[in-house]
Amino acid sequence: MRKVDPERQQAKRRQILEAAGDCFARRGFHAATTAEICAAAGMSPGNLFHYFPSKNAIIEALAEEEWRDTAAYFAAIDDDPSDPLEVVLSFLDVVMVFASDRSYSRLALEVAAETLRNPVVCASVAAGDTEMRDGLAALLRKAAARGQIDPELDPVQSANWIAALIDGVFSRLALDTGFDPAREAPMLRRVVGRFLAKPGRGA
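So the sequence shown is residues 11 to 213, counted in this note's numbering.
Treat the hints as calculated values from the structure; they're not laboratory data. Note that the structure is predicted; figures quoted are calculated from it, not measured. Note that beta-carbon positions come from the ideal geometry of N, C-alpha and C, so glycine has one too. Incorrect hints may have been included.
[To be verified] Computed Cβ-Cβ distance ranges for the label pairs, DEER-style:
| # | residue 1 | residue 2 | range |
| --- | --- | --- | --- |
| 1 | Ala136 | Gly188 | 28 to 34 Å |
| 2 | Asp160 | His60 | 53 to 59 Å |
| 3 | Arg78 | Gly188 | 32 to 38 Å |
| 4 | Pro55 | Asp160 | 54 to 60 Å |
Please model the entire structure based on the sequences and the hints provided.
Structure (structure tokens):
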């Protein structure tokens with residue numbers, strides 16, 4: 011019996027997910043076909059189904075990957091950053107870089123819509139959202155302790171509103187073809203900075 015090569019398996023899964031992500035970004039989850047994904051990945055249906063039993067399984071894997079990437083981002087942040095407010099604002103810069111990638115933003119909107127139909131996708135998206143909001147709230151507590159932001163702001167509520175602004179960025183992209191995340195990134199920094207600032211002190 012031939013031994014399983016974990017690295018090769020992982021590379022094949024990555025190849026399929028990247029091809030599927032491109033197809034879904036162009037055509038949407040439900041318009042894109044398995045045949046199109048196979049063609050983009052350069053493999054037969056039998057080979058693809060060896061790694062993912064269905065198109066839904068691919069969609070669910072993409073959502074889970076996003077959750078794990080979010081968790082990894084916040085896990086990599088230093089436990090005691092010297093400038094926690096800047097870490098929050100830098101995260102917004104990262105979000106706007108991803109939003110500038112039209113394929114990524116279209117895929118993000120597809121995933122968001124899929125949460126209404128697929129409980130597995132919903133669970134992964136909710137887990138990623140929790141990781142993000144918890145990570146932001148922890149940074150805001152540290153920023154308040156360092157005197158960087160208004161200490162009267164509730165860190166959990168503030169993190170929720172920052173998350174809502176991030177959601178709004180992707181919704182705006184769906185509605186306004188002239189919205190340029192790269193151009194708007196400094197304004198998002200300014201809005202959040204002023205929202206968090208101590209009374210009488212802008213950002």
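Tested hints:
Between alanine 136 and glycine 188 the Cβ separation comes to about 31 Å, which falls inside the hinted range of 28 to 34 Å. For the pair aspartate 160 and histidine 60, the beta carbons lie near 54 Å from each other, so the given range of 53 to 59 Å is met. Look at arginine 78 against glycine 188: about 33 Å separates their beta carbons, and that is inside 32 to 38 Å. Between proline 55 and aspartate 160 the C-beta distance comes to about 56 Å, which sits within the given range of 54 to 60 Å.
Violated hints for the displayed structure: none, as all numbered hints are satisfied.
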